[in-house]
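Enquirer: For the record, the sequence lines run as chains A and B. Each residue of the first sequence is one higher than the one before, starting from 1 at the first, in the working numbering. Each residue of the second sequence is one higher than the one before, starting from 1 at the first, in the working numbering.
In case anyone wonders, no lab produced these hints; they're calculated from the structure.
Below 20 Å or equal to it, Euclidean Cα-Cα: the simulated SDA-like pairs (lysine to any residue) are:
no.: 1; chain 1: A; residue 1: K29; chain 2: B; residue 2: W37
no.: 2; chain 1: B; residue 1: K27; chain 2: B; residue 2: H120
no.: 3; chain 1: A; residue 1: K29; chain 2: B; residue 2: P40
no.: 4; chain 1: A; residue 1: K29; chain 2: B; residue 2: F77
no.: 5; chain 1: A; residue 1: K29; chain 2: B; residue 2: R75
no.: 6; chain 1: A; residue 1: K29; chain 2: B; residue 2: L78
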Amino acid sequence: MKTLTSLLMAVVLCGCETVQPWERGILAKEEMQWQTNVSEAQLRNQIYASKEASSGGAGASGGGCGCN
Amino acid sequence: MGQPAPAVLLPDMSAAGEVSLESLRGKVVYVDFWASWCGPCRISFPILEQLRNELGPEGFEVLAINVDEVEADARQFLADVTVSYPVVRDANGTTPLAFGVMGMPTGYLVDRTGVVRVIHQGFRKSDGEPLRASIVELLGE
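Produce the entire structure from the sequences given, and follow the hints as far as they go.
Expert: Structure below.
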């Protein structure tokens, strides 16, 4: 069992790789983005923060008035 | 910085054959690592071209090293932004590793004896003037 676990861990670790600064071309492609439309994402975040009466959970600071 | 620049011998993207950094010894060379997906690289190209046109006769040269994963992307970029200095391609990342590139773009200003004297990370429009001053200083040595 121990051998199996360590073997599995080794396999999982094989998936870890440092992405060098010059290897980010494919990651920079549009289809690799979390959101494809920046304006729409901003609008959605604004509405979300306003409805929740709080903002900051997504990394931004400010009040919950929906005016920030 | 202050160390001899690592060797570069890579295939030319605009002509057959290879270009080496060694062959440019005696000139002040700006070794520019770039990729098509890198925004500041697009800003740097016309500025480097202008510097090269202006200071080329005094012994300044640019050696642009493309590190795109997809060669077609680089070719598309070069079709949009035409430059007259040599552009070479490193498909497997050996040279950026040897130079220790930390971000894109990074430029290494190599003096006439082949020593890296200035490392320039990123690129803004306003970077052209200070870079020009560094080049002129090295040309005068």
